[in-house]
Structures are given as structure tokens and as C-alpha cells.
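K.L.:
Next come the chains, spelled out residue by residue.
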Amino acid sequence: MAVTDIKAFAHLSEADVTALGEELDAIRREIEQSRGERDAAYIKKAITIQRSLAAGGRITLFASAFPPAWVAGTTMLGLAKIIENMELGHNVIHGQWDWMNDPEIHSSTWEWDTTCPSEQWKHSHNFVHHKYTNVVGRDDDVGYGILRVTRDQKWHPIYLGQPVYNAMLALFFQYAVALHDLNIGEIRRGKKDKRTTLRQLKQIGRKVGRQLGKDYVLFPLLTGPQFVSTLTANAAANLMRNLWSYTVIFCGHFPDGAEKFTVEQFENETPHEWYLRQMLGSANFKAGPLMAFMSGNLCYQIEHHLFPDLPSNRYAEMSVRIRALCEKYELPYTTGTLAHQYFQTLRTIWKLTLPNRFLTATSDAAPETASERGGSVQEIRGLRMPERLAS
Amino acid sequence: MVQDIEPGSGALAPPPPKRVPVRGRLSSTAASLRARLAAPATETLPVAMRPTGGAEAEPPRQAGAGLLRGVASRLTTPLLPDDYLHLLNPLWSARELRGKVVEVIPETATAATLVIQPGWGWSPDYRAGQYIGIGIQLEGRWHWRSYSLTSVPTQEDGTISITVKAMPEGFLSRHLVDGLPPGTVVRLNAPQGDFFLPDPPPDKILFLTAGSGLTPVMGMLRMLQRRQSMSDVVLVHSAPSEQDVLFRRELHAMAEQNPSLRLHEQLTDSMGMLGLDQLSGVCADWPERETWACGPPALLDAAEQMWKRNHLTGRLHVERFSVQLDGAGGEGGTVTFGSSGRTAEVDGATTLLEAGEAAGLQLPFGCRMGICQSCVVPLVAGSVRDLRSGAVHVEGDRIQTCISAAAGDCVLGV
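Chains as they are written, first to last, in our numbering: chain F, 7 to 397; chain Z, -16 to 397.
The set of hints was computed from the structure by calculation and includes no laboratory data.
Some hints could be false.
Label pairs and their computed distance ranges (CB to CB) [to be verified]:
hint, chain 1, residue 1, chain 2, residue 2, range
1, F, SER58, Z, GLY49, 22 to 30 Å
2, Z, ARG210, F, LEU227, 48 to 56 Å
3, Z, PRO223, F, GLU117, 32 to 40 Å
Computed list of lysine to aspartate or glutamate pairs in EDC-like fashion (alpha-carbon distance at most 16 Å, straight line) [to be verified]:
hint, chain 1, residue 1, chain 2, residue 2
4, F, LYS51, Z, ASP66
5, F, LYS13, F, GLU378
6, F, LYS50, Z, GLU122
7, F, LYS208, F, GLU125
8, F, LYS50, Z, ASP66
Computed footprint of chain Z on chain F, listed as stretches where at least three residues anywhere in the stretch have a Cβ under 8 Å from a Cβ of chain Z [unchecked claim]:
hint, segment
9, 34 to 43
10, 98 to 107
11, 219 to 232
Just so we're clear, the structure is a prediction, and the values are computed from it rather than from any experiment.
Yeah, the Cβ is synthetic: ideal placement off N, Cα and C, and Gly gets one too.
Model the full assembly from the supplied sequences, consistent with the hints where possible.
P.N.:
And the structure:
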């Protein structure tokens, strides 16, 4: 059973949770007030780098039959797609740059270089995932409707195939994201309005058509006799982006220590407890400046979940303060190397192909999920016991 | 003068134009609004004849270029070719109109003319006297203001110019006058407004201006001069002193060249204000003249009353710089912006448009003074108050966000 009483689980009193919430509010205000020239210059530079890489990659691939050009062009194009999706698209659509009032860098106008239409992403991600984060049964990102990533999800024989689904998801990640907001589960249960489904399908179809047309028809045709090598280069660039974004995103909420929550917890939640749920439900990974940039600063997943609409270039400085707050309130700050975090994610996915009766840990004290019934977060996650509790 | 939207009359309000200009937050006091109103002071002009903000300024589509753009945008999807090209040259984008400041010419101690080279997508067929929106980036944020064009549409080098007067409380106008180095890239909005001369111009014209109200009229005068079709024109202009008269040397040179142009400078520091009852003294035949007036609200209000008293309303054309939001205040409340779900706590004096922009939303807008209906949105729930008239609009009405404030909690369908 996931967390139902977050205060008990975190061993914090009502007053502690309020004090923590107020400290987080203060960080938000400070960042909001200090947004300015420096931040605007950052995003402008990121856009310039991304578009230069994209143009450079496309141009280089006019010599795609020449293997070194194929490698260079593919790499540039793949990097451009990664930056576009992670640092630009995801963050701009979150409204992180709306404060600039620039119509060209605004959540209401940005369309990203992937098959998922921005409008649907805003619903499935900005709204559903960020509001209901890790609430089992509400947040569709818990397993994306096809994976069992916590033993709070009921087992079904279909999950025996989940190592395969997981691999498919990694390979075709952009299509999974595109179909995400359709909510196939609801369609299957007949809960979803047919007209909405049709409208969404049309929107996805149009976008997929344009994306496929660009990468697999138009650019290959333009390179004439090198049609096939350009096509494989574009496919490889898309694959590169898929694998990377899949890895980064799976390391946000599936490594050990990213807690899951029940609907009851969500329904009785105060705004300050919402903060606490974001902190306990997300996991960072260690990254230097370059890797942080390539991950769209989602190596700071905890900070991103606390402040999804603050500029991504400020997450690094926020992380120092959030980490200090975690120490002060004796809360875990889940992080590790990317390889370590992904290993844990993969281990959970493989393990949970089996029903709970074959697993040793209970859902109250398992690596991927725990609850106040299994003890405090400090006990379960092996943190120092708060002094006030030890006595 | 301005048709108010009454409950149930939503059909009168045209839908927002396809390409709605987006502008930033203005400073909080309504008086510092530099948006302009170009309203023909006439109740008789049929609604259908009113220009629909900016639509006439849309560039004509050239079939060849359009096709090429269409093909190229298949390659750059989901972006436009412009999104790449403007990185090479900031003016190579028609996605958002851009311009480059090529020269800043001081006019008086507190005013300067900005000469701007517009980029792609700019249509040069505007009318002298119209205004444009100009956006500049300051500390990362884009801020928008509107200024009258003082250039003439046929200018050979394709540049446009605006003349800006630094307002005491206007941080942006001050920045434009003092701090904009040549080469700065600005954003532009298409020319708008119907404060311009008919073609051909009337035989007898009176221009009644004060302060920076001279700017749109200067555009008209320059056009008449360039076309060598100066009619019988009287310019009655008020300014504190000679040093404060914009374009003074040029005006005097123009008057020397054109015997049909007569200037009256009312230097208010030494001569006092020009009461309109004294107008006959400086321009005896004013009732026979088609009149264009631009200046502070007091002057324009007085002119409107005087022309109305003399049953000449149709012959007076007025351009306002600022809107007087002096109707009864709303009560304030929580505004919810429907589609985004964002909310804002606002007082009864803040317009819904300002509140939305402060919350980081991009709402449709146009004139920001309640006349162009670009900002009209449905009021889904609650009620709002028209700050000009004090009239209350209720659920189901379509309201103008730029002149409405919350009267209790409300939900907007944007």
C-alpha cells in the first residue's frame, strides 16, 4: 500500500509541513523576482545552439553516403532533437519562459519536434502528471498504462511481458508519448467520449504525418541518390532521442525511493503537503552542466516537480537549497548516478513481472514503494532517525 | 462614440482578428497607457464601415512566395523557416514582425525620433497618422507600447519612424528616448487606426494638437508635403515653450514653402492655455474645416463638446493617447482564466487583461482602450464591471478584458 498519511510517513508535524512549505514558497518568490536578462540570454542561446545543430546536421547529411558525414550529421541531428525535446520543448510548454512575454518562446505557441501534439501534452503532462504526481490510479505516468512499476498496481498475466514492453517503449518512446493523452485504458473501458478521441486521433495523425514526412520522405528525397543513407541517419537520430529521453524520464519517478501515494492521501492534501509529495515522489540523478543541459535539467527532477514553471537554468542553484532543506527536515533527497538510477528502474520493472506473492518485500517497505505502515521514511530509506523521534 | 457591449449584444462584437497582436504588461496607472484610440468622433458611421483592427494592414499574399514558404515549412516543421533565418539576420522573419533601430534622432530635451528598418512581412501601405505597436526587451521581458508613425508610407529607404516623448512616470518611454542604441532589434505590430486623411484630402483642414499629439499630424503634413498637395491647412499646436515644440524647424520650413499652410503655436508658458472659446480668434473659419485633433484628454473632451454643440460632430476626428478609466471601480476578486486554469487575485481597479498578463498568460488584445474588440472573450461565470462606464456585465456576455475589472469572482473563457 502506498503512502496514505504523508505527515506520518515523513515524521513531520503539521507545523513542520507548514514551515517547510513556507520556505519553499520563499524560494519560488526569490527566483520569480530575480528572473531577468541573464535568463533570457540563456534560453536564447539554447535555442540558437539547438537550431544550429539541427541545420548543421541536415546539411551534413547531404553527404550521408560518406560514412563520416553520416556519423557527424546523425549525431548533430540527434543532439538537436534531444535539446529541442528536453531543454526547449518540455520546459517552454511548462510555461517556464512565459514571464518573458515573448510570443515565440511561450507555452501557448510552442510546438515541439516530436509526434505528440503540444496541446495534448499540456493536458497529460502539465496537468495530470504534475498535479497527481505518483498517485496510483490518478497519475497515468505511473507505468504509462502498460508497465507495473510498483507493487501497488494489481498484477495481471499480461505483465509477464513487461521487459519486452519496456524495450519497445524505449525504442518508440515518441509514439508512446503521442498516444499517452488518448488514455487507452479509459477508451477500452468505454469511459471516454468518442468525439474527443476522434479529434485527438486526427490531431496526432496530422502531426505524425508531418514528422514522418520530414524525416523519412522529404529530406531523403532532397539528398537524391543518397535517399537510403539519409533515411537511416534520420531514423538513427530519432532513435538516439527516443532512448535518451526515455532514460531521463524513467529515472524521474521509478528509481528506488521515489514514493507512490494513494488517492486518499491526494484527497486530503493541503498545498504544503503537495510540495512534500513532489519531494518524496521524485528522484534526481547526478549530472555535470553538459549532462544537465542535455537532460533539460531533469536531472533536477525534484526541483522541477516543486517548481515546474520556474526557468530550468535555475534548478541547479535551487538544488543546493532544496538539499539543505531536506537535511534540515531529515527527509531523503533521492539521487545517484544515471547508471545507478536506471539500474534500479530496470530492476523494478523486471522484478514486477511477477505477482507480489513471489516477491519478498511488502508494498509497505519495498524499494520502489513504501508507506507509513512499514515505518517512517527515515527508517525505510536508512536515514538518520530524527532526534525528536528517537527520544 | 464607442459602442458598449450590452448583455445579449455579443453579436456586435467581431471575433478577434486572426493575427492578434500580443503585447506586454503596461505600467499600472491607466494614465501612462500609451495605447492610442483612433476613433472617428461620429455616431453615424455604420458599424460595418469600421476598420477591423489591423486587418487592412495584412500584407497581400504573393502566390509564389507563399508556395515556397509552404514547401520550406514542411522541411522545418514544427517550426517555420523564419525560425532559423532570423538567427542569421534578425529581420528575416515574418512570423513576428521585427525591426531594427537604425537611428535615434533627438527632437527636444525629452523626445526622440526612432528610425526603424522593418523586417520581412512588413507591409508599407499604411496611412499617415496611423499608429504601430512596438515591443522592446528590457531585463528579459518584452514590453509593448503604441506610437503614431511620423514617417510617410512612400519613404524610399523603406524605413519607418516614430517620435517618442519620455513621460515622467513612463519607464519604457524614457528608455526609448535615452537608452536605445542603433542596431537594437524591436518587435512591431501592423499599423492600425483610422486617424488618417481621406484620399484626396479635404480642401480645408484644421489640425488641433498639443504636446506629443502633434506626432500623427506630422505624418499627415509630411505626406501632404511629399505629394505636393498641401490643402488649405491651419495647424493650431500647443506646447509649453518654443523648445518643446516638436519638429519646429521643419514645420516653419514647410509653412514657408506652402502659403496654404498656416501655423499657430500656442506657447502655454508665456501665452497661457488656449481655451477653445478663443479658437475663432486663431482660426475664424474652423466650422468650415474638417478637423483632426490629438492631445491630452481635456483638450479632446472640450473639442468634442464644442463640435457637438455646433452640430459638427461628423467633421471632428479625434485620436486619444490614453484612456480615462474613471467609471465606478469593480470590487475585485479571483479571476480564473478558463483554459489554462490559472487564477489571479485582483483588485477592482486592475483590468482583466493586465491581471492575465501579470499571471503570465498571453491574452488577445488590440487597442487596450476598449474600442477595437480584439480582446473580447466570453464571461463564463461571475460578473465584471466596465471601468469606463461602471456598467456591470454578467455571465454569458462577451466582455472586453482591457477595460473590465472583476466585480467579485469570475471565470473567463480564454
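K.L.:
If a hint holds in the structure, say so; if it does not, say that too.
P.N.:
For each hint, the structure was consulted:
1. SER58/F x GLY49/Z: 22 to 30 Å: holds, 27 Å
2. ARG210/Z x LEU227/F: 48 to 56 Å: Since ARG210/Z and LEU227/F have Cβ atoms about 52 Å apart, the given range 48 to 56 Å holds.
3. PRO223/Z x GLU117/F: 32 to 40 Å: violated, 52 Å
4. LYS51/F x ASP66/Z: holds, 14 Å
5. LYS13/F x GLU378/F: holds, 9 Å
6. LYS50/F x GLU122/Z: Holds: LYS50/F and GLU122/Z sit about 13 Å apart, inside 16 Å.
7. LYS208/F x GLU125/F: holds, 13 Å
8. LYS50/F x ASP66/Z: holds, 12 Å
9. 34 to 43: holds (count 3)
10. 98 to 107: holds (count 5)
11. 219 to 232: holds (count 5)
In summary, the structure is inconsistent with hint 3 from the numbered list given earlier, while agreeing with all the others.
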